[in-house]
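As a plain string of letters, each chain reads:
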Amino acid sequence: MGTRMFSESAIERIEKEYKEWLQDYEKALQKLPERLERFSTVSDMEVKNLYTPLDIKNKDYMEDIGFPGCYPFTRGVQTTMYRARLWTMRMFAGLGTAEQTNERFHYLISHGETGLSVAFDFPTLMGYDTDSSLARGECGRCGVAIDTIEDMQRLFAGINLEEVTTSMTINPPASVIWAMYIANAENEGFSRKKLGGTIQNDCLKEFIAQKTLMLPPEPSIRLVVDTVEFGTKEVPRWNTISISGYHIREAGATAVQELAFTIYDGITYVEECIKRGLNVDDFAGRLSFFWNSHIDFFEEIAKMRAARRMWARIMKNRFKAQNPRSMMCRFHVQTAGCSLTAQEPYNNIIRTTTEALAAILGGCQSLHTNSLDEVYMIPSEFAVKIALRTQQILAYEVGVANVIDPLAGSYYVEALTDRMEEEANEYIRKLDEMGGMVAAIEKNYPQMEIADSAYRFQQQIERGEKVVIGINMFPSEIPPLEVLKIDPEIERLQIERLHKFKERRNKVKLQKALDELRRRCEGKPCWENNVMPALIEAVKAGATEQECCDVYREVFGTYTDPASF
Amino acid sequence: MANERKLRILVAKPGLDGHDRGARVIARALRDAGFEVIYTGCHQTPEQIVQTALQEDVDMIGLSILSGAHNYSFPRIMELLKENNAEDIVVVGGGIFPLEDIPKLKAIGIREIFTPGSKLDDIIKWVRENVKPRKAAA
Amino acid sequence: MEIVEQVLRGDVRAVARLLRDIDDQVPSTRSILKELYPYTGKAYVVGFTGPPGAGKSTLVDQITAYYRRIGKTVAIIAIDPTSPFSGGAILGDRIRMQRHFLDKDVFIRSVATRGHFGGLTKSTHDMITVFDAMGKDIIIVETVGVGQGEVEIADCAHTTIVVSVPGLGDDIQAIKAGIMEIGNIFVVNKADREGAKKTVQELRTILDMGRRFRMDIGEMDDWEPPIVETQAHKGIGIDELCDAIERHKAYLTAQKPEQFRKVMLKRTLHQFSETLRDELFKEMVRRIERRGDTLESIAERIFQKELDPYSVSRQLIKEEFISHEQ
Ligand SMILES: Nc1nc2c(ncn2[C@@H]2O[C@H](COP(=O)(O)OP(=O)(O)OP(=O)(O)O)[C@@H](O)[C@H]2O)c(=O)[nH]1
Ligand SMILES: [Mg+2]
Numbered sequence: 006m007g008t009r010m011f012s013e014s015a016i017e018r019i020e021k022e023y024k025e026w027l028q029d030y031e032k033a034l035q036k037l038p039e040r041l042e043r044f045s046t047v048s049d050m051e052v053k054n055l056y057t058p059l060d061i062k063n064k065d066y067m068e069d070i071g072f073p074g075c076y077p078f079t080r081g082v083q084t085t086m087y088r089a090r091l092w093t094m095r096m097f098a099g100l101g102t103a104e105q106t107n108e109r110f111h112y113l114i115s116h117g118e119t120g121l122s123v124a125f126d127f128p129t130l131m132g133y134d135t136d137s138s139l140a141r142g143e144c145g146r147c148g149v150a151i152d153t154i155e156d157m158q159r160l161f162a163g164i165n166l167e168e169v170t171t172s173m174t175i176n177p178p179a180s181v182i183w184a185m186y187i188a189n190a191e192n193e194g195f196s197r198k199k200l201g202g203t204i205q206n207d208c209l210k211e212f213i214a215q216k217t218l219m220l221p222p223e224p225s226i227r228l229v230v231d232t233v234e235f236g237t238k239e240v241p242r243w244n245t246i247s248i249s250g251y252h253i254r255e256a257g258a259t260a261v262q263e264l265a266f267t268i269y270d271g272i273t274y275v276e277e278c279i280k281r282g283l284n285v286d287d288f289a290g291r292l293s294f295f296w297n298s299h300i301d302f303f304e305e306i307a308k309m310r311a312a313r314r315m316w317a318r319i320m321k322n323r324f325k326a327q328n329p330r331s332m333m334c335r336f337h338v339q340t341a342g343c344s345l346t347a348q349e350p351y352n353n354i355i356r357t358t359t360e361a362l363a364a365i366l367g368g369c370q371s372l373h374t375n376s377l378d379e380v381y382m383i384p385s386e387f388a389v390k391i392a393l394r395t396q397q398i399l400a401y402e403v404g405v406a407n408v409i410d411p412l413a414g415s416y417y418v419e420a421l422t423d424r425m426e427e428e429a430n431e432y433i434r435k436l437d438e439m440g441g442m443v444a445a446i447e448k449n450y451p452q453m454e455i456a457d458s459a460y461r462f463q464q465q466i467e468r469g470e471k472v473v474i475g476i477n478m479f480p481s482e483i484p485p486l487e488v489l490k491i492d493p494e495i496e497r498l499q500i501e502r503l504h505k506f507k508e509r510r511n512k513v514k515l516q517k518a519l520d521e522l523r524r525r526c527e528g529k530p531c532w533e534n535n536v537m538p539a540l541i542e543a544v545k546a547g548a549t550e551q552e553c554c555d556v557y558r559e560v561f562g563t564y565t566d567p568a569s570f
Numbered sequence: 844m845a846n847e848r849k850l851r852i853l854v855a856k857p858g859l860d861g862h863d864r865g866a867r868v869i870a871r872a873l874r875d876a877g878f879e880v881i882y883t884g885c886h887q888t889p890e891q892i893v894q895t896a897l898q899e900d901v902d903m904i905g906l907s908i909l910s911g912a913h914n915y916s917f918p919r920i921m922e923l924l925k926e927n928n929a930e931d932i933v934v935v936g937g938g939i940f941p942l943e944d945i946p947k948l949k950a951i952g953i954r955e956i957f958t959p960g961s962k963l964d965d966i967i968k969w970v971r972e973n974v975k976p977r978k979a980a981a
Numbered sequence: 005m006e007i008v009e010q011v012l013r014g015d016v017r018a019v020a021r022l023l024r025d026i027d028d029q030v031p032s033t034r035s036i037l038k039e040l041y042p043y044t045g046k047a048y049v050v051g052f053t054g055p056p057g058a059g060k061s062t063l064v065d066q067i068t069a070y071y072r073r074i075g076k077t078v079a080i081i082a083i084d085p086t087s088p089f090s091g092g093a094i095l096g097d098r099i100r101m102q103r104h105f106l107d108k109d110v111f112i113r114s115v116a117t118r119g120h121f122g123g124l125t126k127s128t129h130d131m132i133t134v135f136d137a138m139g140k141d142i143i144i145v146e147t148v149g150v151g152q153g154e155v156e157i158a159d160c161a162h163t164t165i166v167v168s169v170p171g172l173g174d175d176i177q178a179i180k181a182g183i184m185e186i187g188n189i190f191v192v193n194k195a196d197r198e199g200a201k202k203t204v205q206e207l208r209t210i211l212d213m214g215r216r217f218r219m220d221i222g223e224m225d226d227w228e229p230p231i232v233e234t235q236a237h238k239g240i241g242i243d244e245l246c247d248a249i250e251r252h253k254a255y256l257t258a259q260k261p262e263q264f265r266k267v268m269l270k271r272t273l274h275q276f277s278e279t280l281r282d283e284l285f286k287e288m289v290r291r292i293e294r295r296g297d298t299l300e301s302i303a304e305r306i307f308q309k310e311l312d313p314y315s316v317s318r319q320l321i322k323e324e325f326i327s328h329e330q
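Chains as they are written, first to last, in our numbering: chain A, 6 to 570; chain B, 844 to 981; chain C, 5 to 330.
Heads up, a few of these hints could be off.
[Claimed, not checked] Below are the DSS-like pairs computed for lysine-lysine, each with C-alpha atoms no more than 30 angstroms apart in a straight line:
(1) A/Lys490 / B/Lys947
(2) B/Lys978 / C/Lys126
(3) A/Lys529 / C/Lys202
(4) C/Lys202 / A/Lys448
(5) C/Lys38 / C/Lys286
(6) A/Lys490 / B/Lys949
(7) C/Lys201 / B/Lys849
(8) C/Lys38 / B/Lys975
(9) B/Lys925 / B/Lys947
(10) C/Lys108 / B/Lys975
(11) B/Lys962 / A/Lys471
(12) B/Lys925 / C/Lys108
(13) B/Lys978 / C/Lys286
(14) A/Lys435 / C/Lys238
(15) A/Lys435 / C/Lys46
(16) C/Lys46 / C/Lys266
(17) B/Lys978 / C/Lys108
[Claimed, not checked] Label-pair distances were calculated between CB atoms; the ranges are:
(18) A/Arg461 / B/Asn973: 19 to 29 angstroms
(19) C/Pro88 / A/Asn63: 44 to 54 angstroms
(20) A/Pro480 / B/Ala950: 21 to 31 angstroms
Worth flagging that the hints you see were computed from the coordinates, not collected in a lab. All residues carry an ideal CB built from backbone N, CA and C; glycine is no exception.
The following block holds chain A by itself, in its conformation from the complex (with noise of 0.2 angstroms):
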């Protein structure tokens, strides 16, 4: 007995009203036309004028909306949702040195933040100390240097790390920054079964989009079960891969690009970690998404529900996943870092606030807020607190968390709903037809759809079919901002103290344990050789990230994106 929404007769009979409706509306534009030749989503997908039951007269509530906490989740992951407990107000950061983090850390706690995550600087992204070459010029600016367990301990000092959750955006050296947390944890008297967090790790959308890169796919696809295995067995309460549409689509992806790209990761992420012999249900649940909340409100919060039902399809029919915690697409949101302009930098709020606003009705469980000079450089105290209060105000003071996903039975956002759901099911066969997303990436697949979509968004604000308040209408000039400022000197400060580190190191424990990592790169099979205990006894005898990721780039290989046009 299915459970459609309208009845056959009902459909009816709205069916002959909305032919009359529209008639009317062709008349009502005779006198004022249209102000759009075409109405689309910031991703370019039109939109009618109008959406009535007729968009989702075959809906079944059961099979297609269900309930909040039940299959297919399109409703939400949790059965309470927010009306339990919020998200988690969660705020990137990371600037200069660990010090200088750990103050941050301290100060976003104090006021109400309730899980940490850290932005580390660029050449801690690329697995390069703070005194390689390669670094010149970078320490400390966009995130936090981190060479060594030392830092790692500064870092987190005085923070209760089996209480608070911590999410780490670090990719290609996720393993051994990791190790490093866990190590250090250790160290300051935390049980690994008890600490929560994320690690981004999500190696696919780098090659896709944010092109940090380090090793070819294969071995970063078996650095990441490596971690899944360990994770899984060993720190049950991580989510050891963030799988990430944001980067792809702040590289210029549409929504259903950043829906179809991501989801196709997950899949391959889940079918390695099947190959490496995990059952399903053993680690699926700790897989989570991040999402980017865009401008275009309804399609970011179609995109959500979409996500949600598509995972928990794909986990139950395509992997017979029993466990319905494994069908959950639990995702963070961070509000679109390219949607904000440096013009006028106060109108970011305001961007920012409906971006939130979309993330919450999406059902996010938890949740960053761009600072409105993110644009510029990291944020300052001042516009980080703004954009964290933005959080809390839609928390408590609007409404919208009261009521579970008060937009379902939406005409409009049902129907957006489904056509993601289809058109990223589009992509995904055509993923499978290429044989995978290994196989798509060294094709260019991914890259080029992005590209393209990036240029083609460009020339549209250029004819000003989109439009960028600021930008192409009414366009103001980029005022002088107070902004923060890193100051060069630390570089050479984080120098000084990595070369004392290193000479205090124990050499022959030290080289042991770098051996051992080697010899577990090397060894096969690799289900008997997880890298993930070597770097944990690595990095307790001294090991930098880059001395551990130079074994990686040795034994692996390196990799630079084709960068087709």
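Chain A is already provided as a structure; the job is to place chains B and C with the ligands on it using the hints.
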């Protein structure tokens, strides 16, 4: 009947940030404006950028950077161009720059800085007006 | 000429500028090339051709590393297509060759086809001349990968390498047409992919067929093109490829001097005919203009069916070149 001389432009990203959306959009726009673009992508050191510019005989170098490391890489590139007697190559920057850095960058010879929100058409127009293909040998 | 001195000395900036002028067909380069010509003939030219994305640039990078290890100097001419719509181009082959950017003994030059078909550019031969005179030991040419019979490369390379990849299916068919004849070495790159063995077999079959055919018509040489499997991005199979190049070189230079002569002669003939064609054409255009006419206006009259292209060409040649001389 010599061919019309085409502008040759190097588009490169110094530093470690991999956000190449802007660089790629610009590279395409320059191609679509009829220029020959040498694209070397992300993670280029100043030394690599200058060697490429010399071997490829470019008229202009477009540097895209978002990481904030321009205060190291830009001056170094200018210095290397000077050492190689190649100051005639026009260097421009695109990306995120604190406003007070812009005059400093111009003072070391960066000809123009394009900040977020610059229109492709304006950039192309600027290039057409300010960068001329090097004169052919007589 | 100062520029000649500079090229012979290996002055990077001077060479780079000369290459630009050559690519732009600046008339004065003719006399420079003439001066450089006596200094050429020492370099060994290796050409890579194959469909887009096959891994040509990656292979070029790898064999460049090999030649550098044994102390040879290298020049690379990397060709990418010009957009037919805008006349612009994005030249991206270099990305794969980054580790050589700072090596003073590797000179990489990216060039756009500018409407030339056949895999090379109009300027490729002359660029080889410059690099040869500059003293580069090895000159590697990467043709534009559009996969439509880029056969010109065989007229300028001593060793022509045809790159294919597994799983392209139809591309084997495409390779058959024309390209099979020009390969001295065949590479099946991306051998890590499924179907590599099958691609090798198919290639083998096609090559054997071609061989039998040439034997029948008595055009047989005794170089049997090897097929090398590579994984360029990992450096696997590169030693074998380099070994194959060395063997082909030895075959040409030592074992088969007459074969080598044939190749060199073919190259010279090609370069000469290209130049001659070009010069003649330019001369004719000049003369037409001297008559106060233009190519465009003649084309207009042809279009209006007042003239036809065949008679008008013959007529012009007769009037300008033949009857004048008499
Ligand atoms: N799996 C695999 N990928 C490879 C191999 N060799 C090269 N690649 C990848 O294939 C892609 C294309 O390589 P290129 O060397 O740019 O190919 P190309 O033939 O020069 O391409 P065009 O110049 O665009 O025609 C890159 O992503 C390389 O990393 C290989 O042996 N195996
Ligand atoms: Mg190439």
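Self-check item: List of violated hint numbers, smallest to largest
Solution: Hint check: 7, 15 fail, others pass.
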